[in-house]
Structure formats: C-alpha cells, structure tokens
Amino acid sequence: MLINQPRRKRGQQPVWSGHLGATLIAIGAQLRLLCPLAAGAATVVLVTARLLGPEIVQLPRWLTLSVVGMTLILLGATWERRLQDFRAAADRVRPAVAALR
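Be aware that the sequence shown starts at 44, since it is given in the numbering used here, and climbs by one per residue.
Label pairs and their computed distance ranges (CB to CB):
| hint | residue 1 | residue 2 | range |
| --- | --- | --- | --- |
| 1 | P103 | V136 | 41 to 51 Å |
| 2 | L143 | L106 | 51 to 61 Å |
| 3 | L102 | D134 | 43 to 53 Å |
| 4 | A65 | A132 | 24 to 34 Å |
| 5 | G119 | W59 | 33 to 43 Å |
Since the hints were derived computationally from the structure, they do not count as laboratory data. Ideal Cβ positions, reconstructed from N, Cα and C, are used throughout, including at glycine.
Using the sequences and the hints, build the whole thing.
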C-alpha cells in the first residue's frame, strides 16, 4: 500500500536529466575523468534532441544541414589542431628519449 506520495509532474524529468548530465560533465571535467564526462554529454545531447526534435524537423532542410556541416567542420579543425599539438610534443620529447637509450 502506497502512502500518499506526491506525484511528479511529467515535465520535470527532462529538467532533472539535464541537471544530472550537466553535473556529470562538471565532475568529469574537474576530475579529468572521461566516463562521467561522456555520460553527461550523452545525457545532455539526448535530452536536448528529445526536447528540440519536433522543432528542428520543422526548420528548412538547408538550415539544418548547414548547422550540422559547420559543426563537423569545427570538430575537424579542432581535431587537426590537437593532432598537430600532439606531433609537436612528440618531436620535443623524442630527443630526450633518444638520449636515455
């Protein structure tokens, strides 16, 4: 038998999920842990897609494709920059490692 429990409003679940995702992102970023960061990011993306999905479908197709394309270009540029930084760091460390041999 259930004791008089307050009923949750249906609209609160995305809010709580969004807060949980943002908290996981903050914890993962602060502690430099990938798993909470990825789980929080996935949660925020899914909640956002669920809430904005019907509105995004109504936008003109060219606008949606251009936003997705720009996002992919920015991600690719960031990836290339990080790869260049990694190669530069490897070039700086390589002589020190060779001197240890």
